[in-house]
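Engineer: Residue numbers (numbering that gives the first Met the number 0), protein chains in the order written: chain P, 0 to 223; chain X, 0 to 382.
Source of the hints: derived by calculation from the structure; they are not laboratory data. Computed from a predicted structure; not experimentally measured. Heads up, a few of these hints could be off.
Said to hold, decoys possible - To list a few chain P residues with every Cβ distance to chain X over 10 Å, as calculated:
1) S22
2) L51
3) V55
4) V134
5) V212
Claimed, not checked - So the derived list for chain P, only partly shown, Cβ under 7 Å to chain X, looks like this:
6) K115
7) A121
8) L128
9) A185
10) N187
11) G189
Yeah, the Cβ is synthetic: ideal placement off N, Cα and C, and Gly gets one too.
The chain contents come next:
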Amino acid sequence: MDWQAFWLTIRLAVLVTAILLVSGLPIAYWLAYSRWRWKFVAEAVVALPIVLPPTVLGFYVLLALGSRSPLGRWWQSLTGHTLAFTFTGLVIGSIIYSLPFAAQPIAASFALVDPKLISASAVLGASRLRTFFRVVLPLSLPGLVTGVALSFAHTMGEFGVVLMVGGNIPGVTRTVSIDIYDKVEALNYGSANQTALALLAICFVALCLVYGVNRRVWAWGPWK
Amino acid sequence: MKTVQERSVPAPVSGPTQSLAVRISKRLSGSGRDFILDVAFEAGPGITILFGPSGAGKTTLLDGIAGLLTPDAGRIAVGDQVLLDYERGINLAIQQRRVGYVFQELALFPHLSAERNIAYGLARLGAAERQRRTDAMLQSFRIAHLHKRRPGEISGGERQRVALARALVTDPCLLLLDEPLAALDAPTKSKIIDDLRAWNQAHRIPILYVTHSRDEVFALGERVVVLEDGKITAQGTPHEVMRAPRQETVAQLAGFENIFDVHVTAAHEDRGTMTCRIAESDVELETPLVRAETGSALRVGIRAGDILLAIEHPQGLSARNVICGQIVWLEQRDVIVVARVNCGVEMEIHLTLAARDSLELRSGQEVWLVVKTHSCHLMAGNG
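Let the hints inform the model, and build the full structure from the sequences given.
Structural biologist: Structure follows, in structure tokens:
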């Protein structure tokens, strides 16, 4: 088994999940509470990666990161190399790819928090920020757990975007799913099976964790 | 707006007392119907009942005072502290208004214990002071033994106590209660009210208590403000507002089971009475004299509990209205018996169980209804 690919994939998934957790909170908050009339456009944009073929998404991310785009040129002038076919580029692509899997469940659980509780908090003198951290966030724990686990599992298993953006550089951009593809191409079915089985197990455990923890959250708090 | 003047508001005890002065208007549009709230009233320290049917705008008014909803114009002040004044461009944020608000749904934080719910509004204080105040509040509202429990783990009455304590611990300048006790049984309710009154003895803040229950008005009120369809239609003591309705909507609220359209057939200025005929019937009633032309249309309200029922034609009574009729049906509701009697028009009469049994009342029986002149309450006719 290719431990290098495994280690790389886990590093990628953890990093992407962490970034999505932090950036997903304000996005989810906005999605849940904004009354902007064009909000549906933003919702569609966030949901796009779910329905878009990964190759299409990956293609445009590749163009955006390449040396011909303003972003790519800016990055190149800063660091001396392009974003395409690097680990950083992979992280950026994965964030876009997995954003809906973090933002949507979190936004859904924010929207479920009783607005009266938010009013009560304000009447008791709490700022919006304090209300968010003391009331909205704790009551949205199930959605938070779901968002984290889904974006982790989703990043672990991505293929199309990684191939388009990162290519297949061992130790830099070769993730487990690409490793499996390589092995199948080389007719090395036994080795491919080992890796695939490991990935299957990891994703299964991650999902069990989600449903298990969510169940436990219900049992902890008899509040609904 | 027809207003019953207040007469018997108790004088404040001593020390600085705060009065709430509200004058706001707000137009809410939605679902094809515009609702306009337009009110002006004052409320001194102590409990003021805000009474009205659902949809009258009671909660909208409270939300406006608390700052959860921004009025289109007006002024709100408690004592010297101005919460909102459009002319002077003042509009304090919700967080700065120091208003205690107990929602109808209570809105206790489900993930926090009773103690932490109460301490929630004290974030600006040091830990020791916060604990001291929280403990004092837990004591005052007799919920110290529940301090570690979550809202989902305590009874309805206990939750109400936690909600009250949470609102009052912050030392608000005003307390808003939106039907907080509607779901409770009478003994639990009155114990909580006693504790609230005890707390307010020391603090003397205005308490606006919203209800649509007539019983609560008499049980609690020193003063009542009646809100109907966004307007204040009466204010005064419960007795004044509820016993002398001027408009039919108030009459219905005030519990007149019998309301009839009548025409004035004769006025007896010398005796202070009038004769009125109930529309589309031969029934004539003697009523108190009001200023109305003969032939004009009025309405009369009679409480079901104010009508006597006799099984023989009564003799030698002071009551002037004795009407013959037939029992249509009898029905026991809780501890009263409701009788429906047809005497040209149908009237509802409330009896005790004992009265029904000793008179051996049954459907179809001929009976006489006895109504005192002053049990007939006249109101403006409709239209």
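Engineer: Indicate, hint by hint, whether the structure satisfies it.
Structural biologist: Evaluated hints:
1. The beta carbon of P/S22 sits about 25 Å from the closest Cβ of chain X, which is more than 10 Å, so the claim that it is off the interface holds.
2. Non-interface call for P/L51 relative to chain X: holds, since the shortest CB-CB distance, roughly 37 Å, exceeds 10 Å.
3. The claim that P/V55 lies off the interface holds: its Cβ sits roughly 42 Å from the closest Cβ of chain X, which is beyond the 10 Å cut-off.
4. Consistency note on P/V134: stated as away from chain X, yet its beta-carbon is not over 10 Å from all of that chain's, at 6 Å minimum.
5. Separation of P/V212 from chain X is adequate, the least Cβ-Cβ distance of about 16 Å exceeding the 10 Å criterion.
6. Because the beta carbon of P/K115 sits about 4 Å from the nearest beta carbon in chain X, less than 7 Å, this interface hint is met.
7. For P/A121, the interface hint holds, since its Cβ comes within 7 Å of a Cβ in chain X; the closest pair sits about 4 Å apart.
8. For P/L128, the interface hint is violated, since its Cβ never comes within 7 Å of a Cβ in chain X; the closest pair sits about 11 Å apart.
9. Because the closest C-beta pair between P/A185 and chain X is about 53 Å apart, greater than 7 Å, the hint is violated.
10. For the restraint placing P/N187 at the interface with chain X, the shortest Cβ-Cβ distance is roughly 52 Å, beyond the 7 Å limit, so the hint is violated.
11. Because the beta carbon of P/G189 sits about 50 Å from the nearest beta carbon in chain X, more than 7 Å, this interface hint is broken.
Hints 4, 8, 9, 10, 11 from the list above are not met by this structure, while the remaining hints are.
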